[in-house]
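Could you put the whole structure together from the sequences, leaning on the hints where they help?
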Amino acid sequence: MIQDMRLIELKGVCKNFGDTQVLHDVDLYIRKCEFITLLGPSGCGKTTLLRIIGGFEMPSSGEVLFEGKDMTGIPPYKRRINTVFQKYALFNHLNVYDNIAFGLNLKTPEQLGVQTKKEKKEEIARRVNRMLKLVKMEGYEKRSTNALSGGQQQRIAIARALVNEPEVLLLDEPLGALDLKLRKEMQLELKAMQQQLGITFIYVTHDQEEALTMSDTIAVMNGGRIQQIGDPKGIYDEPKNAFVADFIGESNIVDGVMLQDDLVKFRDTEFQCVDEGFDTNEPVDVVIRPEDIMIVGEDVGMLSGTVESVIFKGVHYEMMIRDEIGGEGQGMLWKVHSTTMQPVGTRVGMTIVPYNIHIMHKAKTADAEPVSETGDKEA
Amino acid sequence: MKRSWYASPYALWMVLFTVVPLLFVCYYAFTDAAGAFTTANFTKIAQPMYLLVLWDSLRLAVYCTALCLLIGYPTAYFLASRDFSRAQSLVVLILVPMWMNFLLRTYAMMTLLEDNGVLNTLLRSIGLPGFKLIGTEGAVLLGMVYNYLPFMVLPIYTVLKKMDYSVIEAAEDLGCSPIRVVSRVVLPMSIPGVVSGITMVFMPAVTTFSISRLMSSGMVYLVGDMIEDYFISMNNRNVGSSISLVMLVLIILSIGFLRKVDPDNQGGGLW
Chain A
1090 MIQDMRLIEL KGVCKNFGDT QVLHDVDLYI RKCEFITLLG PSGCGKTTLL
1140 RIIGGFEMPS SGEVLFEGKD MTGIPPYKRR INTVFQKYAL FNHLNVYDNI
1190 AFGLNLKTPE QLGVQTKKEK KEEIARRVNR MLKLVKMEGY EKRSTNALSG
1240 GQQQRIAIAR ALVNEPEVLL LDEPLGALDL KLRKEMQLEL KAMQQQLGIT
1290 FIYVTHDQEE ALTMSDTIAV MNGGRIQQIG DPKGIYDEPK NAFVADFIGE
1340 SNIVDGVMLQ DDLVKFRDTE FQCVDEGFDT NEPVDVVIRP EDIMIVGEDV
1390 GMLSGTVESV IFKGVHYEMM IRDEIGGEGQ GMLWKVHSTT MQPVGTRVGM
1440 TIVPYNIHIM HKAKTADAEP VSETGDKEA
Chain P
1234 MKRSWYASPY ALWMVLFTVV PLLFVCYYAF TDAAGAFTTA NFTKIAQPMY
1284 LLVLWDSLRL AVYCTALCLL IGYPTAYFLA SRDFSRAQSL VVLILVPMWM
1334 NFLLRTYAMM TLLEDNGVLN TLLRSIGLPG FKLIGTEGAV LLGMVYNYLP
1384 FMVLPIYTVL KKMDYSVIEA AEDLGCSPIR VVSRVVLPMS IPGVVSGITM
1434 VFMPAVTTFS ISRLMSSGMV YLVGDMIEDY FISMNNRNVG SSISLVMLVL
1484 IILSIGFLRK VDPDNQGGGL W
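Sequence order for the protein chains is A and P. Using my numbering, read the first sequence as starting at 1090 and increasing by one per residue. Using my numbering, read the second sequence as starting at 1234 and increasing by one per residue.
In case anyone wonders, no lab produced these hints; they're calculated from the structure. Only a predicted model underlies this, so the values are computations on that prediction, with no experimental measurement involved. Don't take each hint at face value.
To be verified - Listed below are several chain A residues computed to face chain P (Cβ distance under 10 Å; list not exhaustive):
hint: 1; residue: Lys1158
hint: 2; residue: Arg1249
hint: 3; residue: Leu1259
hint: 4; residue: Asp1261
hint: 5; residue: Arg1411
Said to hold, decoys possible - Here are the in silico distance ranges between beta carbons for each label pair:
hint: 6; chain 1: P; residue 1: Lys1395; chain 2: A; residue 2: Gln1110; range: 42 to 50 Å
hint: 7; chain 1: P; residue 1: Ser1410; chain 2: A; residue 2: Lys1206; range: 15 to 23 Å
hint: 8; chain 1: A; residue 1: Lys1231; chain 2: P; residue 2: Leu1486; range: 39 to 47 Å
hint: 9; chain 1: A; residue 1: Lys1451; chain 2: P; residue 2: Ile1412; range: 54 to 62 Å
hint: 10; chain 1: A; residue 1: Lys1231; chain 2: P; residue 2: Leu1326; range: 18 to 26 Å
hint: 11; chain 1: P; residue 1: Lys1395; chain 2: A; residue 2: Gly1101; range: 48 to 56 Å
hint: 12; chain 1: A; residue 1: Lys1206; chain 2: P; residue 2: Lys1365; range: 52 to 60 Å
hint: 13; chain 1: P; residue 1: Val1325; chain 2: A; residue 2: Pro1372; range: 56 to 64 Å
hint: 14; chain 1: A; residue 1: Gln1200; chain 2: P; residue 2: Tyr1310; range: 45 to 53 Å
hint: 15; chain 1: A; residue 1: Asp1108; chain 2: P; residue 2: Leu1336; range: 51 to 59 Å
hint: 16; chain 1: A; residue 1: Lys1273; chain 2: P; residue 2: Leu1323; range: 46 to 54 Å
Stated by the list, open to error - Result set (BS3-like, lysine-lysine): computed pairs, CA atoms no more than 27 Å apart in a straight line:
hint: 17; chain 1: P; residue 1: Lys1493; chain 2: A; residue 2: Lys1231
hint: 18; chain 1: A; residue 1: Lys1231; chain 2: P; residue 2: Lys1235
hint: 19; chain 1: P; residue 1: Lys1394; chain 2: A; residue 2: Lys1176
Even for Gly, the Cβ is constructed at its ideal location relative to N, Cα and C.
Below, the structure is given as structure tokens:
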């Protein structure tokens, strides 16, 4: 990785609120024009991390570099960063046009590349109109922000931030309040805007699907630590630990023991896998995606079980199948996705191909130990 | 039963104690002692002596409102600030004086400020010359501000407290220095509270009575005192009513003017 591609770099960032430490030694770098998502459950520290980058919070220790220069102590209004807030935070004493023009009005004519006040006014009008077009809100200039729907308010909030042509745009769960259909549309639009404008987007969400759809890079966070950084496919296919596996997509997570390279034992059964480099008899977490379990005839699968419930999910059926390890009704429930439905009460066999069995080191403490190689990203 | 019926007790109250008395005021204002129609009451109060009293009342009310705003806004801003945690108890402290009768409060104020009152005694005891307060216009203004200040602080505090903090962060984010955050966002967004505060201070201030008489030892004579005198000491309810009517029109005009400042009428302007 070339050092000068790094636009923002966080080094050993910690943050305490009183006695609670919300960020533990976070290392992260963000490249120019990258769409990076901070993904994690509520309370994982992702919003705090975003606010530290935006300058709204100061790190308790560690440093934040912008193009190699330390930004600690520089207030938000002096950073070339703009933010789209969770609740839009529009100025309801101003109309749509003046909301978008707010940041530009604060600048001197020289900063906008013109000489006179009149030219400044024209330049602002030009930029605001371009933004209105970008967010598809032409014709709404004179409207009061109170009269807009949630989706429209969000577009104005995005336009208000982007019109300042920031290096970096921070987005704090901006689509959280929108309905599903609108959210999906806005996801694609945001992604398109980001590619069109070539601006770095740092996006915070707890919605893994959103993260997978939009991001170039995802940083999965939990308990104030970055658990894994990588591209969406890498994170989905090769989660580094059970937390990431569970958070990104649905998973069956089973306790297992690694017998030797490429051979793991769980549910009293030995399975071929493709993972190497574990200690002999090391206890591990075994992660299997619901869509990777194949249903076969009874007694020909690797495990047998009985279907306990079936839910139709649109494209597939979600079945809960209880295996027979440990006696009648004592087995564990497996979540299985399949396009063919097995009625409740049917006894079936389950088969998993070696490639789809993911083996993970056990977390050393209860609250998910960080994965050490946090800086390791794919190019 | 239709929902609007639930308001009927209030409607009855309004008719009995607001509309009917108002009609009486109008009736007395346009009649003489014998009950015949006349406009003499109004020509009488158009004389310079009466207009001077009216002018003094308006002037003092404007001073009082301005002072309340000047003291009240920063107070409300401080109370509503995010990192101030004892705001609740301080707001109660601001409210406590309102639980007492205003005459009681004014008498207390007099005791403090009298020529031989607490303040002057204290000043003299440390060798400073005492100064005359009671009997001046300044004392009246002090009494008015003291009585009406909570009506300015509370509406502004409520508006500022309700303001979403992320709006302030958004302003910072878009390039506002801390001073500009206040001038471009906090102040304009708190206008409804300011309008409401001005309304609630100006209306009682312009019709102030007793406070003026007590604090100035009778030197400052305001419209409120004049109306009181006409009704009670002089037993001339006709002139008293005409003065009341003129005041009412003046108040309606000035409050209506506030609507121009606050077009959404969030602050409780009259129309």
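Tell me the numbers of any earlier hints that the structure contravenes, in ascending order.
1, 5, 6, 8, 10, 11, 14, 18
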